[in-house]
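Protein chains in written order, with the working numbering: chain P, 3 to 438; chain C, 649 to 978; chain V, 258 to 521.
Hints in this document: simulated from the structure, not taken from any laboratory.
Think of the CB as a built atom: it goes at the ideal place given N, C-alpha and C, for glycine as much as any other residue.
Mixed in with the good hints there might be a few duds.
Stated by the list, open to error - Okay, the calculated bits of chain V under chain C, using three or more residues with CB under 8 Å as the criterion:
hint : region
1    : 260-271
2    : 341-355
3    : 428-434
4    : 496-507
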Amino acid sequence: MSDKFDVAIVGAGPSGSAAALTLAKAGLSVVVFERGEFPGSKNMFGGVLYTPILEKLVPNFWEEAPLERHIVKRRFGLFSEFSEAAFEFRCEDFNQKPPFNQSFSALRAQFDPWLAKKAEDAGALIIPETVVDDLLWKDGKVIGVKARREGGEIEADVVILADGVNSFLAKKSGLRKDFTWNVLAVAAKEIIALPRGTIEDRFGLEGDEGLAMECFGDVVAGTVGAGFIYTNKETLSVGVACSINAFIDKKIVPNDLLERFKNHPSIRRLIRGGETLEYAGHMIPEGGHKQVPEVISDGLLLVGDAAHFVNASFYHEGTNLAMASGLFAAETIIEAKKKDDFSQRGLKGYLKKLEESFVLKDLKKYRQVEDWAHKNGRFFKEYPDLMLDVLKDYFTVSETPKSVIQQNIVKKLRSQLKPLRTLVELNRFRKSFFSS
Amino acid sequence: MGQILVFSEQRDGKLKRVAFEALGAARQLASQTNATVAAIIVGKNIASEAETLSKKGADKVFVIDDPGFAHYSSEAYGTIIADIAKKEDTSLILMGATAMGKDLGPKVAAKLGGPFAGDCIKLECDAEGKITATRPMYGGKIISIVRSHTNKYQVATLRPNVFSVNEADENKKTVFENIDTLPDLSEMKAVVKEILSSANTKIDLTEADIIVSGGRGLKAPEHFALIEALAETLGAAVGASRAAVDAGWKPHSYQVGLTGKTVSPSLYIACGISGAIQHQAGMSSSKYIVAINKDPNAPIFKIANYGIVGDLFEIVPLLTEAIKTIKNEE
Amino acid sequence: MNIAVCIKQVPATESKIRPSADGKDIDRTGLSFVVNPYDEFGLEEALKIKEQVGKGTVTVISIGEDKTIEALRTCLAVGADQAIHIKDPALSGSDTHAIALVLTAALQKENYDIIFFGKQAIDNDSGAVGIHVAELMNLPHVAVINKLEVSPDDKKAVAHRQIEGGTEVINIDLPAIFTCQKELNVPRYASLPGIMKAKQKPMTIYSLNDLNIATDAVGAEKAMITLDQLSPPEKRTAGTALEGNAGEAVTALVRLLHEEAKIF
Ligand SMILES: Cc1cc2nc3c(=O)[nH]c(=O)nc-3n(C[C@H](O)[C@H](O)[C@H](O)COP(=O)(O)OP(=O)(O)OC[C@H]3O[C@@H](n4cnc5c(N)ncnc54)[C@H](O)[C@@H]3O)c2cc1C
Ligand SMILES: Cc1cc2nc3c(=O)[nH]c(=O)nc-3n(C[C@H](O)[C@H](O)[C@H](O)COP(=O)(O)OP(=O)(O)OC[C@H]3O[C@@H](n4cnc5c(N)ncnc54)[C@H](O)[C@@H]3O)c2cc1C
Ligand SMILES: Nc1ncnc2c1ncn2[C@@H]1O[C@H](COP(=O)(O)O)[C@@H](O)[C@H]1O
Numbered sequence: 003m004s005d006k007f008d009v010a011i012v013g014a015g016p017s018g019s020a021a022a023l024t025l026a027k028a029g030l031s032v033v034v035f036e037r038g039e040f041p042g043s044k045n046m047f048g049g050v051l052y053t054p055i056l057e058k059l060v061p062n063f064w065e066e067a068p069l070e071r072h073i074v075k076r077r078f079g080l081f082s083e084f085s086e087a088a089f090e091f092r093c094e095d096f097n098q099k100p101p102f103n104q105s106f107s108a109l110r111a112q113f114d115p116w117l118a119k120k121a122e123d124a125g126a127l128i129i130p131e132t133v134v135d136d137l138l139w140k141d142g143k144v145i146g147v148k149a150r151r152e153g154g155e156i157e158a159d160v161v162i163l164a165d166g167v168n169s170f171l172a173k174k175s176g177l178r179k180d181f182t183w184n185v186l187a188v189a190a191k192e193i194i195a196l197p198r199g200t201i202e203d204r205f206g207l208e209g210d211e212g213l214a215m216e217c218f219g220d221v222v223a224g225t226v227g228a229g230f231i232y233t234n235k236e237t238l239s240v241g242v243a244c245s246i247n248a249f250i251d252k253k254i255v256p257n258d259l260l261e262r263f264k265n266h267p268s269i270r271r272l273i274r275g276g277e278t279l280e281y282a283g284h285m286i287p288e289g290g291h292k293q294v295p296e297v298i299s300d301g302l303l304l305v306g307d308a309a310h311f312v313n314a315s316f317y318h319e320g321t322n323l324a325m326a327s328g329l330f331a332a333e334t335i336i337e338a339k340k341k342d343d344f345s346q347r348g349l350k351g352y353l354k355k356l357e358e359s360f361v362l363k364d365l366k367k368y369r370q371v372e373d374w375a376h377k378n379g380r381f382f383k384e385y386p387d388l389m390l391d392v393l394k395d396y397f398t399v400s401e402t403p404k405s406v407i408q409q410n411i412v413k414k415l416r417s418q419l420k421p422l423r424t425l426v427e428l429n430r431f432r433k434s435f436f437s438s
Numbered sequence: 649m650g651q652i653l654v655f656s657e658q659r660d661g662k663l664k665r666v667a668f669e670a671l672g673a674a675r676q677l678a679s680q681t682n683a684t685v686a687a688i689i690v691g692k693n694i695a696s697e698a699e700t701l702s703k704k705g706a707d708k709v710f711v712i713d714d715p716g717f718a719h720y721s722s723e724a725y726g727t728i729i730a731d732i733a734k735k736e737d738t739s740l741i742l743m744g745a746t747a748m749g750k751d752l753g754p755k756v757a758a759k760l761g762g763p764f765a766g767d768c769i770k771l772e773c774d775a776e777g778k779i780t781a782t783r784p785m786y787g788g789k790i791i792s793i794v795r796s797h798t799n800k801y802q803v804a805t806l807r808p809n810v811f812s813v814n815e816a817d818e819n820k821k822t823v824f825e826n827i828d829t830l831p832d833l834s835e836m837k838a839v840v841k842e843i844l845s846s847a848n849t850k851i852d853l854t855e856a857d858i859i860v861s862g863g864r865g866l867k868a869p870e871h872f873a874l875i876e877a878l879a880e881t882l883g884a885a886v887g888a889s890r891a892a893v894d895a896g897w898k899p900h901s902y903q904v905g906l907t908g909k910t911v912s913p914s915l916y917i918a919c920g921i922s923g924a925i926q927h928q929a930g931m932s933s934s935k936y937i938v939a940i941n942k943d944p945n946a947p948i949f950k951i952a953n954y955g956i957v958g959d960l961f962e963i964v965p966l967l968t969e970a971i972k973t974i975k976n977e978e
Numbered sequence: 258m259n260i261a262v263c264i265k266q267v268p269a270t271e272s273k274i275r276p277s278a279d280g281k282d283i284d285r286t287g288l289s290f291v292v293n294p295y296d297e298f299g300l301e302e303a304l305k306i307k308e309q310v311g312k313g314t315v316t317v318i319s320i321g322e323d324k325t326i327e328a329l330r331t332c333l334a335v336g337a338d339q340a341i342h343i344k345d346p347a348l349s350g351s352d353t354h355a356i357a358l359v360l361t362a363a364l365q366k367e368n369y370d371i372i373f374f375g376k377q378a379i380d381n382d383s384g385a386v387g388i389h390v391a392e393l394m395n396l397p398h399v400a401v402i403n404k405l406e407v408s409p410d411d412k413k414a415v416a417h418r419q420i421e422g423g424t425e426v427i428n429i430d431l432p433a434i435f436t437c438q439k440e441l442n443v444p445r446y447a448s449l450p451g452i453m454k455a456k457q458k459p460m461t462i463y464s465l466n467d468l469n470i471a472t473d474a475v476g477a478e479k480a481m482i483t484l485d486q487l488s489p490p491e492k493r494t495a496g497t498a499l500e501g502n503a504g505e506a507v508t509a510l511v512r513l514l515h516e517e518a519k520i521f
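Next up, chain P with everything else stripped away, as it sits in the complex (with noise of 0.2 Å):
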């Protein structure tokens, strides 16, 4: 076996291991290098898979891929203390047939592995429990990777790097400057085993149905941020994620939070009896659009998280970006085989396919979210705290005839919102979250 190889790709989660396979299935040479003891093995996230690009990637996915629930149904609940106002969504046409609405609830732990094991069959070397520390260079070009292992420099003409968040490899490379704090999330989660039947009945599913319900408001201690509850088989993802900043400032760590979210009265009863069998922390890039670094350089391509492609919004939709990106570098880099050039200009072809596609166009879309979100807490807070009171006035039995209270609720509101204030916000929000 010479010592070089096409490509070297470091970490082996979705994006990763989609750049893999698409490059072992063209016949080129491939190394993936894994820092932990399997693909997935110390990877998280919330849990829904968006799946439209793995339909590309593995056709019939669906047939083999260890996938728990297809989401038929998002739930998005306010909470203050003691009560709780919920929007749902349920579909029937989510629930037709296989790949259903590309969304599926899904544990790293089993997904990652199964799609490493894709690449590894159609030639790919994956190599696990082998930290990749630094790039080689020569002549300001990267040649290879320098990995944590006796005889570890390896050649390549192209070094993908996949390998998250945290990448301090793009930061090394350049490509990448220190971000601010403030553009992570910090995520927090649990898997609460329980039995089939007892998550069918306390959440409505039959058979592989599944469900997404995200949280806001005081259930995350009114923070930017939210709670989560994800079905899958025979457990649940529970968890947290908020800005670095909101734990900051309401002096609050991550695991406390979670257990907060935990007790709250609306939530304790959905996870009532189960047992933690996992419990994992991590950070999201949630700084959108105007956090996206440079992707390219010469011989070296950033996708997924490293770039920080994930759609904060409401979607928490990271794995489908990275898959995206991973797909799009790969054909790059095949394309650029055929040239034989791997700089700068002869990989400009990846920033043109994240163009186009829904990678960069999402995140362009939703550029103004994050800001919005830290500009306006009191959208988690102080408002549901607030329509949270109104609904229990309003519901409140008593003799006091209905007309008073009305009356008294909307002197209440008027009390409580400045109008103009409250407008103003109103519309930030919907420029935010839906101008294009």
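Assemble the complex: chain P is given as a structure, and chains C and V with the ligands must be docked to it using the hints.
Structure of chains C and V with the ligands alone, referenced to chain P:
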């Protein structure tokens, strides 16, 4: 049921406690099935111990009192036991799950072609004498029940300190049994040359029988000396909570818990450790847990067999002294 | 010097182990599997001896399902020269006796000077297979060694084994079997070239037929002892709170440790 043989381990001419425990278990099973219990003792200057075996429940005792057999030899001891077992209808052979028993048990089972159950914590048998054994697996994370399908030449080793010992019957007369031929020692291809008494080898956490752990309650790295002194008195390994490790007081190799080591010693002493669920994940399968903590509401007390609410800086040195005193008396 | 190392693939040490729904096995979902850690000491010792002697081969052998090939590959990456994978559907449910029988058949196909085993597999914690094979092959053995010195010229070795409160030093003739304990050595990591070369190293696959063993000589039917029921250990509850001043509490504790827990 055929006879039950008990290999009675001795050290320097003195029977080990586990030999009596095995005898107790044998007697218990024998009383249900009308089996006889024979004990085997091998070594040098051990005849008087044979009588003790008899008083504690052996119907007869095979004595191999021979300087040549003073040191353990898997082959020689295994052959002796297998030969005795074959002389009569033998259903079950018991011994302690000690360093010797863990070697000898499988050896005897292999020689006789019988089933083997190691490190049992409970033993039962049906009317025919087929045993059902309870034994930990997966480092104590699972308790298994295994069932034998034959009542011939079953071999089980018993975890020390679990089975109870019979009262001695002082009037009982010892019935000695003879052994026709002994294995030829000159043919042994593995021979114990010497026994080195243990220098202070550092005990590994995951294998330690006793662990003393310290947490944030120790307040400063130098106070781990208290923990180490107690550990040394007990022949124990030293562990730490993540808080203590994160503070840099001990390297990560000391950490017990979810993201550290999983341990299941006979005794785990937690000093100044609150007992967070992640810490418990690594130590809750310990047989006995002792907690020393000044906060009566610390979660560690919910899983501790014995808890002392108090200041560890006062309690731990007292405990070290008290144990030293006992050990010196023994 | 030709050395064999018998290895078993087991759930990783830090795994959370739970019984399966029917209690007949463990729940294997989400578990990651590794080379039994005690077997790694055997492999390391084999590689060291080979390096010391300067010639010979190190062969790793394992009985297990398809997945076991990963464990064998790991050993090849670390430095073993060749691997033997024994798999056969008839083997499922085998007891120690059958495993030893099959390993013996595979080991007897070659002449090995030393055969290493782990002191126990960390799944069943049985610690029997190596000793059993020694008996079947009529070879001397030392179990649970933490030090080994081999003199290749006169085919002898000195092994140390830990016993309560001391160490037995044992002279032994080769060929011999050893089961390995922790302090024996520090297993090396695979080098990157090692990992890349592992795929090209020879991997022999044997079925029972290849080893001339009848399929009905092994497996669950033939097992003399079988797993009946697996359960999690009992949940702990709060025990005794020791009252009184520090001195009284300590006295009570020492007494309980002595009399009830029988620690000393
Ligand atoms: C709490 C949370 C909830 C989320 N929810 C969702 C969701 O519901 N849906 C969704 O689509 N997305 C979600 N995401 C986002 C999604 O998880 C990520 O966008 C996605 O995993 C990115 O994939 P990746 O391959 O780029 O990076 P990763 O999945 O982070 O993979 C990086 C890999 O590189 C390895 N690695 C890192 N450094 C090195 C090195 N130096 N050497 C070798 N290997 C290295 C790591 O071990 C890892 O395997 C969530 C994220 C979080 C944290
Ligand atoms: C994902 C994750 C993984 C983790 N993994 C681990 C792990 O592997 N191992 C681990 O240990 N932790 C782990 N933790 C951390 C765990 O949650 C706790 O924070 C940690 O165990 C606390 O350590 P401690 O008990 O020493 O400290 P504390 O919780 O601060 O407890 C100190 C205790 O000392 C007592 N004390 C103080 N002074 C005295 C005195 N003079 N005398 C007597 N008692 C005194 C106090 O009452 C208190 O109960 C993990 C956490 C997370 C989130
Ligand atoms: N299926 C197997 N294949 C190869 N070797 C094994 C197998 N099972 C056990 N062994 C070896 O025997 C040792 C002791 O295993 P056990 O008796 O099962 O605790 C292990 O450490 C391995 O070296």
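Non-conforming hints, listed in increasing numerical order: The structure conflicts with no hint, since it agrees with every one listed earlier.
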